[in-house]
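**Q** Chain by chain, the residues run as shown.
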Amino acid sequence: MSQEKKRDLKKVGRRDEASASPNPETVEKGKKMKENIDKLLDEIDEVLEENAEEFVKNYVQKGGE
Amino acid sequence: MTPRILGTETEFGVAVKDAGVQDPVSNAILLVNSVAAVPSRTTLWDYENENPLVDARGFEVEGEKERPAPDYNRLLNKLLGNGGRLYVDGAHPEYATPECTRIADVVRYEKAGERIVEACRMGADRTSGDRRFVIYKNNTDGKGNSYGYHENYLVSRSVPFMRFATHLTPFFVTRQIFAGAGKVGAENRADSAPYQMSQRADFFEVLVDLNTMVKRPIINTRDEPHADPAKYRRLHVIVGDANMSEVTTYLKLGVTALVVSMIEEGYMVKEPKLADAVRSIKDVSRDLTLKQPIALDDGRQWTAVQVQEYYLETAHRYCAERGADPETKDILARWERVLRLLASDPSQLSREIDWVIKQDLLQSYIDRKGCDWDDPRVAMMDLQYHDLRPEKGLFATLDKGGYVDRLVDPNTIDEALTAPPTDTRAYFRGRCLQKFPDRVYAASWASILFDVGQAVVKRIPLNEPARGTKALVGALLDESDTVEALVSRLSA
Chain A
33 MSQEKKRDLK KVGRRDEASA SPNPETVEKG KKMKENIDKL LDEIDEVLEE
83 NAEEFVKNYV QKGGE
Chain B
35 MTPRILGTET EFGVAVKDAG VQDPVSNAIL LVNSVAAVPS RTTLWDYENE
85 NPLVDARGFE VEGEKERPAP DYNRLLNKLL GNGGRLYVDG AHPEYATPEC
135 TRIADVVRYE KAGERIVEAC RMGADRTSGD RRFVIYKNNT DGKGNSYGYH
185 ENYLVSRSVP FMRFATHLTP FFVTRQIFAG AGKVGAENRA DSAPYQMSQR
235 ADFFEVLVDL NTMVKRPIIN TRDEPHADPA KYRRLHVIVG DANMSEVTTY
285 LKLGVTALVV SMIEEGYMVK EPKLADAVRS IKDVSRDLTL KQPIALDDGR
335 QWTAVQVQEY YLETAHRYCA ERGADPETKD ILARWERVLR LLASDPSQLS
385 REIDWVIKQD LLQSYIDRKG CDWDDPRVAM MDLQYHDLRP EKGLFATLDK
435 GGYVDRLVDP NTIDEALTAP PTDTRAYFRG RCLQKFPDRV YAASWASILF
485 DVGQAVVKRI PLNEPARGTK ALVGALLDES DTVEALVSRL SA
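Going line by line, the protein sequences match chains A and B. With the working numbering as the guide, the letters of the first sequence map in order to residues 33 to 97. With the working numbering as the guide, the letters of the second sequence map in order to residues 35 to 526.
Hints in this document: simulated from the structure, not taken from any laboratory. Watch out, some of these pointers could steer you wrong.
So the derived label-pair ranges between C-beta atoms look like this [to be verified]: (1) A/V92 to B/M156: 17 to 25 Å; (2) A/K89 to B/G435: 23 to 31 Å; (3) B/G92 to A/N68: 52 to 60 Å; (4) B/A509 to A/N83: 52 to 60 Å; (5) A/K63 to B/G508: 22 to 30 Å; (6) A/N90 to B/T323: 31 to 39 Å.
Calculated cross-link-like contacts (lysine to any residue; reagent style SDA-like; alpha-carbon spacing at most 25 Å) [claimed, not checked]: (7) B/K434 to A/L72; (8) B/K426 to A/D70; (9) A/K89 to B/S60; (10) A/K64 to B/R385; (11) B/K426 to A/K61; (12) B/K434 to A/L73.
Where a beta carbon is used, it is the ideal one built from N, C-alpha and C, also for glycine.
Could you put together the complete structure from these sequences and hints?
**A** And the structure:
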């Protein structure tokens with residue numbers, strides 16, 4: 033992957049960058065959002081399958097339709 | 035605007051933990067036969083009218099028609115009280131919604147299907163010792179094997195098939211910008227990508243064909259109307275992803291139904307023809323900035339959003355001239371807003387559009403862990419986004435935490451587990467199965483066969499999908515206490 037592509041990908045993946053502004057309400061909202069995301073990511077860490085590499089490798093389907 | 039009959043079919047992926055030797059076909063059979071509640075476990079699927087070998091371009095290919103013997107037929111097929119079908123397709127469990135006319139109803143019945151299949155998984159786990167099943171509503175194993183999600187739109191036979199093919203191609207190539215379910219990586223020898231919009235785009239190799247399993251076409255020509263073949267076609271759309279987000283599913287089906295109507299009624303005259311649709315479908319899927327232009331065959335360069343805007347403008351004119359029901363107006367407004375946000379800031383759609391929801395989640399994880407898109411944990415998250423278990427699925431986790439928007443009242447999804455829609459022939463099918471479970475010998479989309487005793491079967495054709503509604507047969511069903519009474523009143 034080119035560096036440029038990686039940068040683009042990071043850019044479109046960030047939702048808080050586009051709405052960044054010094055408005056205190058927005059800052060507060062941003063803080064709340066960050067807390068929410070942290071809470072969510074903690075949850076994800078809890079539910080994510082263990083041995084991700086092995087699990088993904090073993091997931092082979094016959095394909096259908 | 036006459037109501038459009040439509041529905042979806044979803045093939046599910048299956049993982050087995052602590053499996054020993056795995057046989058995907060036996061697993062799919064076990065899962066389907068672990069269904070919690072069906073009106074009857076003996077009713078057969080009626081294959082009489084099925085022929086997936088007829089091509090809409092006017093010929094029939096050679097091949098073997100599926101005609102399983104009764105015992106095997108029962109193992110493969112479960113006819114649901116909601117009018118839908120749960121079955122084994124090859125090596126995958128599959129769920130087809132009943133026929134609906136309202137888009138929100140299809141969303142409801144598709145979500146009900148997820149719960150039905152999740153209940154199958156719990157049932158199978160209980161009877162399988164140490165084996166544990168996991169079921170995914172996605173479309174790929176990430177290793178070049180894809181399983182489908184098909185949409186069905188009933189259209190008039192009088193419209194030439196190639197008119198649909200021509201006008202739908204640019205629409206389908208670009209629809210993924212709001213309908214994609216998101217995927218980490220690339221496969222099927224397509225160009226590498228850290229993340230792309232569509233699960234399926236990598237698998238489309240030709241423009242138009244009858245195949246669905248190899249060399250998949252953007253436009254599928256299967257001509258199997260499941261209705262009066264003189265009056266109807268069923269557009270069998272295989273190009274889409276299975277979505278987790280209710281809002282994405284609603285938009286995908288609603289916008290497509292609207293475009294199908296515009297084509298049917300002659301509103302699409304000059305389509306923006308793509309120079310290379312098979313190439314573009316993969317390019318669009320990879321362009322997360324939505325800024326890269328696609329080459330049209332007349333040399334112009336349009337972005338995917340611009341192509342969609344062309345259809346949107348025509349839809350505005352169509353709805354202004356022909357009138358639109360409240361649901362269609364809502365779909366039109368949402369489509370317009372989503373296209374505007376896709377062009378300006380796609381991350382604004384991280385509560386509504388699957389590929390954005392997933393990208394946002396994965397990017398947050400990557401930022402926290404300081405890992406990259408090729409980290410196995412990220413691939414795991416991509417898969418687990420589609421996990422149907424409420425306590426494990428990542429989409430389910432987002433949903434529970436209020437991170438994503440819903441479209442339908444969850445209570446109405448509960449109802450859709452058992453109650454058929456009231457405004458299509460699915461009502462008649464579902465009610466008959468529930469009221470006379472031991473007397474329905476077989477059924478299909480277009481037929482019900484009653485066992486009338488002494489080894490005689492009475493076949494009731496259901497060739498008109500918009501008939502058999504509650505308004506037309508509700509009272510008749512209520513008042514008929516026996517199959518005999520029903521049959522005699524139907525033939526009167």
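**Q** Let me make sure I understand: some of the numbered hints might not hold for this structure. Which ones are they, in numerical order?
**A** Violated hints: 5 and 11; rest satisfied.
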